[in-house]
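To convert, take the position in the sequence shown, counting from 1, and add 5; that gives our numbering.
Be careful, since some hints might not be right.
Listed next, with one range per pair, are the computed distances between beta-carbon atoms [stated by the list, open to error]:
no.	residue 1	residue 2	range
1	THR41	HIS83	30 to 36 Å
2	GLU50	PRO28	32 to 38 Å
3	SER59	PRO82	27 to 33 Å
4	ARG62	PRO28	15 to 21 Å
5	SER42	PRO76	18 to 24 Å
6	SER25	GLY52	14 to 20 Å
7	LEU84	VAL61	30 to 36 Å
8	HIS83	GLY40	19 to 25 Å
9	GLN99	ARG64	20 to 26 Å
10	LYS100	GLY40	15 to 21 Å
11	GLU50	SER25	32 to 38 Å
Rather than coming from a laboratory, the hints here were simulated on the basis of the structure.
A quick note: this is a predicted structure, and the numbers were derived from the prediction, not measured.
By construction, the Cβ of each residue, glycine as well, lies at the ideal position given by its N, Cα and C atoms.
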Amino acid sequence: MYRVELEKVMSALIVSALDSRGPKAVELAAGALLGTSAWQVVLDERGLSYRVPSTVRGRAYRTTTSECSCPDATFRPHLICKHRLAAELVAAYQKTEMEPAF
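Just need the whole structure built from these sequences, with the hints factored in.
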(Lines of atoms letter the chains of each structure in order from A and count residues from 1; the text may use other names and numbers.)
(Lines give C-alpha, C1' and ligand atoms only; values in the text may rest on other atoms or scores of the structure.)
Protein backbone atom coordinates (compact mmCIF):
# COMPACT_ATOMS: atom_id res chain seq x y z
CA MET A 1 0.00 0.00 0.00
CA TYR A 2 2.72 2.49 0.97
CA ARG A 3 4.74 1.51 -2.09
CA VAL A 4 1.88 2.54 -4.38
CA GLU A 5 1.68 5.96 -2.70
CA LEU A 6 5.44 6.42 -2.97
CA GLU A 7 5.35 5.45 -6.65
CA LYS A 8 2.57 8.02 -7.23
CA VAL A 9 4.69 10.72 -5.61
CA MET A 10 7.76 9.71 -7.61
CA SER A 11 5.73 9.84 -10.85
CA ALA A 12 4.58 13.35 -9.99
CA LEU A 13 8.19 14.31 -9.27
CA ILE A 14 9.35 13.02 -12.65
CA VAL A 15 6.68 15.07 -14.40
CA SER A 16 7.47 18.10 -12.23
CA ALA A 17 11.18 17.81 -12.98
CA LEU A 18 10.34 19.25 -16.40
CA ASP A 19 9.66 22.58 -14.70
CA SER A 20 10.81 24.17 -11.46
CA ARG A 21 8.25 22.51 -9.14
CA GLY A 22 10.03 19.17 -8.72
CA PRO A 23 13.39 20.40 -7.42
CA LYS A 24 11.71 23.06 -5.25
CA ALA A 25 9.36 20.41 -3.79
CA VAL A 26 12.31 18.18 -2.91
CA GLU A 27 14.02 21.13 -1.24
CA LEU A 28 10.88 21.97 0.77
CA ALA A 29 10.38 18.34 1.81
CA ALA A 30 14.03 17.99 2.82
CA GLY A 31 13.69 21.08 5.01
CA ALA A 32 10.68 19.55 6.73
CA LEU A 33 12.30 16.15 7.27
CA LEU A 34 15.61 17.59 8.43
CA GLY A 35 13.95 20.18 10.65
CA THR A 36 15.65 23.09 8.90
CA SER A 37 12.48 24.90 7.83
CA ALA A 38 9.40 26.19 9.61
CA TRP A 39 6.90 23.45 8.66
CA GLN A 40 4.05 22.91 11.09
CA VAL A 41 1.57 20.06 11.34
CA VAL A 42 -1.95 21.41 11.85
CA LEU A 43 -4.94 19.42 13.10
CA ASP A 44 -8.16 21.39 13.03
CA GLU A 45 -11.83 20.96 12.06
CA ARG A 46 -10.75 20.52 8.43
CA GLY A 47 -8.43 17.63 9.29
CA LEU A 48 -4.68 17.15 9.11
CA SER A 49 -2.66 19.61 7.06
CA TYR A 50 0.78 21.17 6.89
CA ARG A 51 1.70 24.82 7.17
CA VAL A 52 4.36 24.99 4.46
CA PRO A 53 6.64 28.02 4.26
CA SER A 54 6.63 30.06 1.10
CA THR A 55 9.72 31.12 -0.79
CA VAL A 56 8.51 34.64 0.05
CA ARG A 57 9.70 35.43 3.56
CA GLY A 58 6.98 35.49 6.20
CA ARG A 59 4.32 33.62 4.21
CA ALA A 60 3.07 30.07 4.60
CA TYR A 61 0.30 28.02 2.98
CA ARG A 62 -2.15 25.47 4.33
CA THR A 63 -1.32 22.35 2.35
CA THR A 64 -2.57 18.78 2.27
CA THR A 65 -1.78 15.98 -0.14
CA SER A 66 -4.82 17.02 -2.17
CA GLU A 67 -4.95 20.85 -1.96
CA CYS A 68 -2.95 23.97 -1.25
CA SER A 69 -3.84 27.59 -0.53
CA CYS A 70 -0.94 29.04 -2.57
CA PRO A 71 -1.54 31.23 -5.64
CA ASP A 72 -0.09 28.61 -7.99
CA ALA A 73 -2.64 26.02 -6.85
CA THR A 74 -5.44 28.59 -6.95
CA PHE A 75 -4.76 29.87 -10.45
CA ARG A 76 -3.54 26.59 -11.99
CA PRO A 77 -5.61 23.87 -10.30
CA HIS A 78 -4.80 21.35 -13.04
CA LEU A 79 -1.15 21.26 -11.84
CA ILE A 80 0.33 20.07 -8.54
CA CYS A 81 2.10 22.96 -6.83
CA LYS A 82 5.49 22.56 -5.15
CA HIS A 83 3.95 22.81 -1.67
CA ARG A 84 1.48 19.99 -2.31
CA LEU A 85 4.14 17.82 -3.93
CA ALA A 86 6.41 18.43 -0.92
CA ALA A 87 3.53 17.49 1.42
CA GLU A 88 3.07 14.25 -0.55
CA LEU A 89 6.79 13.48 -0.22
CA VAL A 90 6.75 14.13 3.53
CA ALA A 91 3.56 12.07 4.03
CA ALA A 92 4.96 9.17 1.98
CA TYR A 93 8.21 9.26 3.96
CA GLN A 94 6.39 9.35 7.29
CA LYS A 95 4.24 6.36 6.28
CA THR A 96 7.29 4.31 5.29
CA GLU A 97 8.90 5.15 8.63
CA MET A 98 5.86 3.70 10.42
CA GLU A 99 5.74 0.57 8.20
CA PRO A 100 6.74 -2.69 9.95
CA ALA A 101 10.27 -3.86 9.11
CA PHE A 102 9.27 -7.50 8.45
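- Task: Compare the structure with the hints numbered earlier in the document and write down the numbers of the violated ones, lowest to highest.
- Result: 3, 6, 7, 8
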